[in-house]
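Throw the hints in and build the complete structure from the sequences for me.
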Amino acid sequence: MSQREVVKSISQLMQKEMIGRNYDRITGGAAKVSSTFVPGNLNELLMCFDIANNLPEINAIQNAMRKKSGEMITEAERAGHSEDVCTYVKADIGMMAKGNIAPNGKPFPDPDVLLLSYTGCFTFMKWFELLREQYKCPTVMLHVPYAADGRPTRNMRDYIVKQLKEDVIPTLEKVSGIRFDIDRLRGYLRKSAVAEDDLVWMLESSKRRPSPIDCYFGGVYYMGPIFTAFRGTDEAIEYYRLLRDEIEDRIARGLCAQTPDGDMPEEKYRLVVEGPPNWTSFRDFWQMFHEAGAVVVASTYTKVGGVYDYDGFRHDPDHPLETLADYCLGVYTNRSLPTRVDMLVRNLQEYDADGLLINSIKSCNSFSAGQLVMMREIERRTGKPGAFIETDLVDPRYFSAANVKNRLESYFQMIDQKRRSGGSAASAM
Amino acid sequence: MGARPVQEIVAFCQEIFEDLHFAKAREWKAARPGRKVIGYMPVYVPREIVHAAGMLPLGILGGGADMEVIHGDAYYQSYICRIPRSTIELAITGKLDFVDGMMFPSICDVIRNLSGIWKLLFKDKYVRYFDAPQNFRDEVGGVFYANELRELREGLERLGGRTITDGEIRRSIAVYNENRRWVNRVYDFRAASPWKAPSAEVYLLMRAGMVLPPEEHTLLMREYLAAAEAVDRPMRDNCRVLLTGAFCEQPPLNLIKSLEISGCYIVDDDFMLVHRWLLEEVPVDGDPIWNLSRAFLRHSAQTAAKYEPDMAEKGSYLIDSIRRRGADGVIFAAPSFCDPALLDQPMMIRRLEALKIPYITLKYAENSGQMQPIREQSGTFADSIKLWSAS
Ligand code: SF4
Ligand code: SF4
Chain B
1 MSQREVVKSI
11 SQLMQKEMIG
21 RNYDRITGGA
31 AKVSSTFVPG
41 NLNELLMCFD
51 IANNLPEINA
61 IQNAMRKKSG
71 EMITEAERAG
81 HSEDVCTYVK
91 ADIGMMAKGN
101 IAPNGKPFPD
111 PDVLLLSYTG
121 CFTFMKWFEL
131 LREQYKCPTV
141 MLHVPYAADG
151 RPTRNMRDYI
161 VKQLKEDVIP
171 TLEKVSGIRF
181 DIDRLRGYLR
191 KSAVAEDDLV
201 WMLESSKRRP
211 SPIDCYFGGV
221 YYMGPIFTAF
231 RGTDEAIEYY
241 RLLRDEIEDR
251 IARGLCAQTP
261 DGDMPEEKYR
271 LVVEGPPNWT
281 SFRDFWQMFH
291 EAGAVVVAST
301 YTKVGGVYDY
311 DGFRHDPDHP
321 LETLADYCLG
331 VYTNRSLPTR
341 VDMLVRNLQE
351 YDADGLLINS
361 IKSCNSFSAG
371 QLVMMREIER
381 RTGKPGAFIE
391 TDLVDPRYFS
401 AANVKNRLES
411 YFQMIDQKRR
421 SGGSAASAM
Chain D
1 MGARPVQEIV
11 AFCQEIFEDL
21 HFAKAREWKA
31 ARPGRKVIGY
41 MPVYVPREIV
51 HAAGMLPLGI
61 LGGGADMEVI
71 HGDAYYQSYI
81 CRIPRSTIEL
91 AITGKLDFVD
101 GMMFPSICDV
111 IRNLSGIWKL
121 LFKDKYVRYF
131 DAPQNFRDEV
141 GGVFYANELR
151 ELREGLERLG
161 GRTITDGEIR
171 RSIAVYNENR
181 RWVNRVYDFR
191 AASPWKAPSA
201 EVYLLMRAGM
211 VLPPEEHTLL
221 MREYLAAAEA
231 VDRPMRDNCR
241 VLLTGAFCEQ
251 PPLNLIKSLE
261 ISGCYIVDDD
271 FMLVHRWLLE
281 EVPVDGDPIW
291 NLSRAFLRHS
301 AQTAAKYEPD
311 MAEKGSYLID
321 SIRRRGADGV
331 IFAAPSFCDP
341 ALLDQPMMIR
351 RLEALKIPYI
361 TLKYAENSGQ
371 MQPIREQSGT
381 FADSIKLWSA
391 S
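Those protein sequence lines, which keep their order, are chains B and D.
The numbering of the first sequence is this note's numbering, which starts it at 1 and goes up by one.
The numbering of the second sequence is this note's numbering, which starts it at 1 and goes up by one.
Calculated directly from the structure, the hints in this document are not laboratory data.
Be aware that a few hints might be false.
As the list claims (entries may be wrong) - Below are the BS3-like pairs computed for lysine-lysine, each with C-alpha atoms no more than 25 Å apart in a straight line:
{"id": "1", "chain 1": "B", "residue 1": "K68", "chain 2": "B", "residue 2": "K106"}
{"id": "2", "chain 1": "D", "residue 1": "K314", "chain 2": "B", "residue 2": "K174"}
{"id": "3", "chain 1": "B", "residue 1": "K67", "chain 2": "B", "residue 2": "K405"}
{"id": "4", "chain 1": "B", "residue 1": "K136", "chain 2": "D", "residue 2": "K356"}
{"id": "5", "chain 1": "B", "residue 1": "K207", "chain 2": "B", "residue 2": "K8"}
{"id": "6", "chain 1": "B", "residue 1": "K136", "chain 2": "B", "residue 2": "K106"}
{"id": "7", "chain 1": "D", "residue 1": "K123", "chain 2": "B", "residue 2": "K384"}
{"id": "8", "chain 1": "D", "residue 1": "K314", "chain 2": "B", "residue 2": "K136"}
If you want it as structure tokens, here you go:
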């Protein structure tokens, strides 16, 4: 990352401090540690056992933003991992080979348990089978069926609840030595729901013109606490309150979205983005947008760890295990393509966006397979133009700044043209 | 069927294999009004239920080596394997227009998302994403799976406009038990005398089973075995290999031939695992849904798409097959960009290395054209195995 000065708000500073404290807890040696995934992560449940939550995807992102992931991926490929597979896995495996150092500079301890929340991504299963060989620790699978028909069924929910009761909870009890207390879980879930309300308010604040926030590049920061080790805590409630205050203040002052280089002076384009961002050139990537006056008003990546706006899901303390099941079933990548299309169509319309941009990630079949069809379907339904770019998550070899910039520039031109003509624009593939 | 010579049986299978219009399945459908055909993709679906509904399960394995993909590339990025794009190509060029429904098993995210593409593009068709449990306890995964089977049954009942009785499912279970018995006999025969049953022939014979009704396929295998046993063919000085990783997108037939020509007899493989997925006979009495569910939980093949709860057991299915078949080495043949095969491979390799079992890895696409490098690689592999076993 360049040496440009980054403008940070109080909520960002708070989040930084929260993340730092979590890494200190993970590496401190006092707490038992689990590894688990962002989609469908069961933070409230882990908290019932005082288990610290370590998320390898987040570690891969941290390493990518520090420009370290490239060498880790090469390391994993040298050790026999295919160049064709997800780079998160390889960044994680490569990190182990390089001493498994956490962002706080201390070595990660071996996890006490691998909580394989198998939600929305096939790779997760193989990833933890691979890690299990390394760590030889208890591994517990939570199989979340795919909501292929757009709606979870009773059978799916019952299956998840049974796994929680018969496998996941007993394993966590054994690992931690703490008996499961369902009321403790309820307490955390209640807190989750409070933070989730403010989170949805934040997501929807970008319906305004100008949008006070960027809901993709900025959004990934705003989603941090709810998608990681803080959902269910007082800190998360406080963080989202603070964020809400900040956004309300921005709205009152009529400010455009905040970026690392300050507030956008003008909002020229409003986009909806599908797919994860690229992390290795995150700031440059963002800059290509905000310099052109483009703000992302809604994105699917901010739903990857849970969908709260589309059908109003909130964690429900009155049905603690069932609500965990519903949460897992509802994460974005566990939803059918027609549902994803519907979500995006609604976003384009409700957020009054100019068009849809798909950042197609080489690593990620879960997101990427089918995106071209989705784009055409969404263009057809909304009459708004789509554009398609290809990058990768944490592999710097697959981010071509010149290509991405060219594609974006021609897309913005197309939107301009469409505005002038008032007609429909073809896709910028 | 009369006693046809091997070449004739193989030519019959080859014709089925090359026919991307699926004439045999179309004929079956046309023979009686109201018949329905249900396509399915790898790796496993319970064909018994489809069969019990009086429908024809039709295995769709992509477009093969020779089909030109013109439209499919506009549906998929270059870094996604080829089978979904060629399958889409089959559909949008009308080659699957007679297929009334499609089943997409839970093998990977590409096939999973293809189920959604089907829903978006072919709105009038029955589409079923078929999830199988990754939890293998009767009261957990077993109950879930039994309910999924029931949902499938109900879906097919609606499509077919009639109920599917337990008796019909039992009869279909028996039909597939019999079919599997003969599939296993063919595999056993090839493992015992690979020069008498070249892998390309066995492959084509199994491919025919993706299109023909199971009863016909069983007869075909019986006929082939009798004919192949009767023919004297020269035994080559080949090594014996097990091929694994090709459970979804299929390699070109030429690749299979090239491996044998270059000195490797394939004595086991995971092509079309659906034929051999269940490892034991499914009981024909009692609740047929429970029987199918239990067979899946307790006696089904281990493959990359399935979770192995016990780390110590990971890879043991492969090692057992190597031992049972007397294989000298393993060829990991994975489709390019295939997450399940490629992510699983390092774990399997570690097992083999611990046991000093030789292996090579290669990648292919269903339309790979250049066989020379593969021939050289497998030829060198065969030579090294021979040298190693001679020393
Ligand atoms: S395949 Fe996609 S969802 Fe799965 S681990 Fe990789 S990036 Fe995450
Ligand atoms: S070849 Fe592999 S990645 Fe492609 S659809 Fe089949 S299992 Fe999935």
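Hints, one by one, checked against the model:
no.: 1; hint: K68(B) - K106(B); in the structure: holds, 16 Å
no.: 2; hint: K314(D) - K174(B); in the structure: holds, 23 Å
no.: 3; hint: K67(B) - K405(B); in the structure: holds, 20 Å
no.: 4; hint: K136(B) - K356(D); in the structure: holds, 22 Å
no.: 5; hint: K207(B) - K8(B); in the structure: holds, 23 Å
no.: 6; hint: K136(B) - K106(B); in the structure: holds, 21 Å
no.: 7; hint: K123(D) - K384(B); in the structure: holds, 23 Å
no.: 8; hint: K314(D) - K136(B); in the structure: holds, 13 Å
When held up to the earlier numbered hints, the structure conflicts with none and fits them all.
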